[in-house]
Every structure is written in C-alpha cells, then in structure tokens.
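Colleague: Each chain, written out:
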Amino acid sequence: MEQIPILKVGRCLLVSIQIDMHDKLALALQDDLTQKLVETRARGVLIDISALDLVDSFIGRMLSNIAAMARVLDAETVVVGMRPQVAITLVELGLTLTGIQTALDVDRGLALINRLIDAEGDDGAGGAH
Amino acid sequence: MQVERTSTLEVRTPEDVVKVRQEVRNRTAVVGFSLVDQTKFVTAASEIARNTIDHGGGGQARVETILLAGRRGVRLTFEDQGPGIASIELAMQDGYSTGGGLGMGMPGSKRLSNEFYVESTLGKGTKVTLVRWKSG
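Residue numbers (my numbering), protein chains in the order written: chain A, 1 to 129; chain B, 1 to 136.
Rather than coming from a laboratory, the hints here were simulated on the basis of the structure.
These numbers were taken from a predicted model, which means no experiment stands behind them.
Among these hints, one or two may not hold up.
To be verified - Short, incomplete list of chain B residues facing chain A, as computed with Cβ under 7 Å:
hint, residue
1, V36
2, V42
3, I88
4, E89
5, Q93
6, L102
7, M104
8, G108
9, K110
10, N114
11, E115
C-beta: ideal position from N, C-alpha, C; glycine also.
Excised from the complex, chain B in its bound form:
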C-alpha cells in the first residue's frame, strides 16, 4: 500500500472537530468520492474526532490518501493518550455510552466506513483507524 498524501491535525477543541470535517471533506472530494460517500465519511470522522476529545482528552488526527492495487481511498487515524477503552466490545454496541452521548459514535462510524479498527490500552490511550475506498 502506498501513502500518497498525509496531513496531521490537532484534535483538542470543538473548532478542531470542524477543521477535521473540512479536511476530510476536501480530501474525499479530491480523491473523487461521490457526494453521498463524502458525507458518510465526513460524518464518521466527526463522531470519532469528538470521541478523541470527550473520552481521550484530545489528540491528533492523520488524514491520508492511500493507493492499493489501483484503488484509491482515504485513511483516518485518530490517536489520543487518554484513559483507553475498558471494553471495545461494549463501545461498539449501538446505544452504549459512558459519556452521556447517544452511543452512536463508534458503531455508527463503523457502518459509515469500509474498514474500522480500534486499538486501546488502559491508561495509555486509544487509536481508531477508518478507511473508505472510492467506489466504482
């Protein structure tokens, strides 16, 4: 797999979440995603960026254009140095929330992505990776 372009953004304030949305919107548009696919991936990014702040105490987002076997896609990596997720299985269930939210963020973002990975170590932090490929 080849990484064609990378940008890194801070994710610490509500305004940063908007910047992440704008970067993902621009990147998916440049890669040639349909309007529906752009919107799906921007929404997924918004959910995970908010989690990075609310549950992880802030962190970084990496936005990459990737190329694999002639297919282009966008990969998002959110990393925080927060308390970690006690049970990833629970966090991935619809309606489960520890932060007073709707519990839609993680499972919803997974549905809006083609690939979705969570790595978390208690006391160390969490890394969430989302990939969406250009369709067609």
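Just chain A, with the same shape it has in the complex:
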C-alpha cells in the first residue's frame, strides 16, 4: 500500500508530501503521524508541502487536524513551502488553516520549531517522562 514516509530528525518528525494525495491517503498520514508522535515522543512536526500543487478543503482540514492532535501530544506543527498559487487559492476558497504555523522553507521551519520547543522548556508542561 502507498504510504507517505515520516522521518525523525532530532526532536522533530519530518514529512514531505511529494504526491497528489487522495483522501484516504491523507487520513492515513494523519493516523501514522499520531502513532509516530507517541512512539518517538517527538516535540515537533514539520510538514513540507512544496511539491503540492493544490490544497483543497480536505487537505486543509488534515493539516489543521494534525496540528491540533500534535498540540494535545505536546508537539509543535509547522507547515513549510506552500506555493504562492496555492496560498492565493486557499484564501479565495475561504480556508484559514486554524492553529497552523507556517514558514517559507525547511530551514526556517526547523528553526521556528526549535524556538517554539525551547520557549516551552524541554520538560514540557505535561511532563511525560
């Protein structure tokens, strides 16, 4: 079965979406990420969408859901690399991507995640050990 790989890099999970996802694949990614966050106790999720030529309401909702569930699991989510034409379309479609932080590229995204984690303190408020 097709699957989108999730890599652990430092304190972060890194996902790069390289294909036009159908809805079931998007849902599978959401589940896989939750599972991986619990397994690895990562503190951040970086999602690279620079290869995506479309973000419709379903993919937008998936991104918001990932950010929400990562929040619950004490992790920060940053989406990077959105193409300009995708951003323009999202706004006209009416999607706001609630709770999602964005950065221009992977380098800036990682820097942002590390700042967010450090600001919170490495032990986290919930203190899962």
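Here the structure of chain A is known, so what remains is to put chain B in place on it, guided by the hints.
Modeller: Showing chain B alone in chain A's frame:
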C-alpha cells in the same frame, strides 16, 4: 458556443477525485490558463468531485474546452443520481455542511469559478456546472 473537446470521467472513489484534478490541470494548462487560474479551477473541481461522492453517492464529471466569441474556457459538469440538495440557498452559505465537512466546498468553488450553476431535484440527483475563462 462551441465545444472543442470533451472527456468524461467516473467519480466514485477518492482515487477518481485525483484523476479529475489531473484532467482539469492538464486541460486548463493546454488552454493557456495562468498557474494561479489553473490552481483555482483544479481546487474548485476537487471540492465538487468530492461532493459528488460524499453527497451524491458517485456520478460522472465532464470536462469540456469551450469557445465563445473568441474566448476559450473550460467547463466542468458534475452529475450524480443521489438524493439531491434540499436547499441550494443553504448549501451555498459559507460554513453550512450536512456531511461533517467544513462547509467550504460549494461557496468556495463558486468563488474560484467565473460561472457556477446548481440544478438539483430531490430524489433524482444534482448537476453542478462550473466555467472558468482564460483571462487576458
């Protein structure tokens, strides 16, 4: 109005939605839409194709290249034989949803199109037509 090219696709599975997106992407690119306009119309197509499955129980999509008074455009027609839409007025409101979605599909797709028509008969089905013209 002249129809220059037509293709018809089945819209029954999530994979079919991806195929509709690809067909609309190719067609708008061939007609010469800008990258932004391609993306807008592909996104509109994706929303309505998903509605055809989720609310209409599946159906067909027709993708046409049209020519009117020297202007080229792409027309999309989504037809299903589902339960129909009880209130088109409500369905066109931002944030209104009967399917657990965000309620962005219909009003958002209208904003992403130049022309947008909905015909629906309860118990018979729904037909949604979207047109976008090449600008410039």
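Colleague: Next step is simple, just say for each hint if it's right about the structure.
Modeller: The hints, checked one at a time:
no. : hint : verdict
1   : V36  : holds (5 Å)
2   : V42  : holds (5 Å)
3   : I88  : violated (18 Å)
4   : E89  : violated (17 Å)
5   : Q93  : violated (11 Å)
6   : L102 : holds (5 Å)
7   : M104 : holds (4 Å)
8   : G108 : holds (4 Å)
9   : K110 : violated (10 Å)
10  : N114 : violated (13 Å)
11  : E115 : violated (16 Å)
The structure fails to meet hints 3, 4, 5, 9, 10 and 11 from the earlier list, while all remaining hints are met.
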